[in-house]
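These protein sequence lines are chains A and B, in that order. Okay, so the first sequence: first residue is 1 according to the working numbering, each after it adds one. Okay, so the second sequence: first residue is 1001 according to the working numbering, each after it adds one.
Keep in mind that the hints were calculated from the coordinates and are not lab data. Computed from a predicted model, the values in this text were never measured in an experiment. Incorrect hints may have been included.
Stated by the list, open to error - The following label-pair restraints were derived from C-beta to C-beta distances:
#1 A:Arg29 - B:Pro1004: 47 to 53 Å
#2 A:Arg103 - B:Glu1057: 18 to 24 Å
#3 A:Arg41 - B:Thr1081: 30 to 36 Å
#4 A:Gly186 - B:Asp1149: 55 to 61 Å
#5 B:Pro1157 - A:Val185: 37 to 43 Å
#6 B:Asp1008 - A:Glu205: 18 to 24 Å
#7 A:Glu38 - B:Asp1008: 35 to 41 Å
#8 A:Glu38 - B:Glu1016: 20 to 26 Å
#9 A:Gly182 - B:Asp1008: 18 to 24 Å
Stated by the list, open to error - In silico contact screen, one side only, chain A against chain B (beta carbon under 7 Å); selected entries:
#10 Arg41
#11 Trp48
#12 Thr112
#13 Arg164
Claimed, not checked - A few chain A residues that don't get close to chain B, going by computed Cβ distances all over 10 Å:
#14 Asp19
#15 Leu26
#16 Glu30
#17 Val91
#18 Glu108
#19 His110
#20 Asp143
Glycine residues also receive a C-beta, built at the ideal position from the N, C-alpha and C atoms.
Each chain is listed here by its residues.
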Amino acid sequence: MAESRHETVRDPGEVSLGDRAAHAVLEYREGRPAALEEVVREMTPLLWHTVRAQGVDPQAADDVVQDTWVALVRHMDTIAEPHAVLKWLLVTARRGAWEAVRRRRRDEQHRTELHDGPDPETGAHREVPSSDPAPDAVVATNDRDRTLWTVFQDLPARCRELLRLVSLADRPDYKYISEAIGMPVGSIGATRGRCLAKLRTLLDESGADDTWRHA
Amino acid sequence: MSTPYSPDEPLDATDEAVLADLGRVALLADPVPADLVERSLFAMTLAALETEVMTLERMPEAAGVRAAETAPTQARTITFTSTSRTVMITVAPGVDGVRIDGWIAPTGEVDIELHRPHGEVLTTRTDEDGRFAFDAVAPGPASLVARPDDGPAVSTPVIEL
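Could you put together the complete structure from these sequences and hints?
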């Protein structure tokens, strides 16, 4: 048989999450859903943190992540650029998160109008909870983790969102993540970028950066 | 006094190590719910059926309580409606699992499917009065799909058996 043309199988380590997602969409359209299942397993943490970074509480975030995956199935045939599916998922998850935040604010306003004043059950004054768990809440097994998480909280919210997401993805995906969350191109990737530079500087000032350099 | 790091330098090995640790700590600090992947996959499978999703009618006794939070220790009746059909089911715990007794209106023989996670599907057909049952079903998430011969397929939202 003559030499058949086929794609070179690359080292899986070289193929980014975004590439695998694009491949999975094409597979799914051909009636093979197995690759997409793998992508759901791999990318759900990224979507979870995308939604949580918008200040959505865990129960609502759970719904938004599921709805994002359902939206992918429903729009499978209308996604014009499968290679941009990672960005499409992140944008969809963020929109879902904003809708959840708006809904919660409406409900809270409604409740406040109904019973003005502190919560009748707990006596506590209502406040919008911060989405990031406090450093204390981290099951930090070592000082290094605790320092990193504490220092990380001192970054601006936009930087926290960017770094939290890229830390769960592969390097070729960084540019799609930046685009999806509206950060300038080149925020991180080939160069360190402003957010990671700031984190490194803060870690240095805390005296902890050596730990990573010599790790 | 330390020198600030430049944003314009190439990403180095320490940057990568810091990012890897950050990803790990973020997942510790804000863990993804254990079964979110499985529930997402189940929701995607159901969405791919392209059925009309019915509305869950709120039961007076269940007001303010999510069905999934109620321990399944006694029988409960749930009604679902769509523009074309109504499905009423009673879910009761049994010795070998959960028993579902259902009824669909308008009456007539209709194929009924019980979808479970991991692609498991049980099927039955109603009698001429629209009655159907599934016996000794494992507890957990489920969705019923009705496929009438003369109309669009309808499905229930995911319920916890």
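Distance restraint evaluation - B:Pro1157, A:Val185, Cβ atoms, bounds 37 to 43 Å: Holds, since B:Pro1157 and A:Val185 (Cβ atoms, about 41 Å apart) stay within the stated range.
Cβ separation of A:Glu38 and B:Glu1016, checked against the hinted range 20 to 26 Å: Holds: the Cβ-Cβ distance is about 24 Å, inside 20 to 26 Å.
Beyond 10 Å from every chain B Cβ - status for A:Asp143: Its Cβ never comes within 10 Å of chain B, the nearest being 12 Å, so this holds.
Chain B contact restraint on A:Thr112 - CB to CB distance below 7 Å: violated (19 Å)
Cβ distance range 47 to 53 Å for A:Arg29 and B:Pro1004, holds or violated: Between A:Arg29 and B:Pro1004, where Cβ atoms are some 48 Å apart, the hint holds.
Cut-off 7 Å, beta-carbon criterion: hint that A:Arg41 touches chain B: Since chain B brings a Cβ to about 5 Å from A:Arg41, closer than 7 Å, the hint holds.
Check on A:Leu26 being off the interface with chain B, judged by Cβ distance over 10 Å: holds (16 Å)
When the least beta-carbon distance from A:Trp48 to chain B is tested against 7 Å, hint result: It holds, given that the least Cβ distance between A:Trp48 and chain B is near 5 Å, below 7 Å.
Range agreement (Cβ of B:Thr1081 with Cβ of A:Arg41, hint 30 to 36 Å): holds (35 Å)
Beta-carbon spacing of A:Glu38 to B:Asp1008 - inside the hinted bounds 35 to 41 Å or not: Holds, at about 36 Å.
A:Glu108 non-interfacial with respect to chain B [C-beta, more than 10 Å]: It holds; A:Glu108 is separated from chain B by about 17 Å at its closest Cβ, greater than 10 Å.
Separation of A:Val91 from chain B, once the least beta-carbon distance is taken, above 10 Å: holds (18 Å)
Consistency note: the structure conflicts with earlier hint 12 alone.
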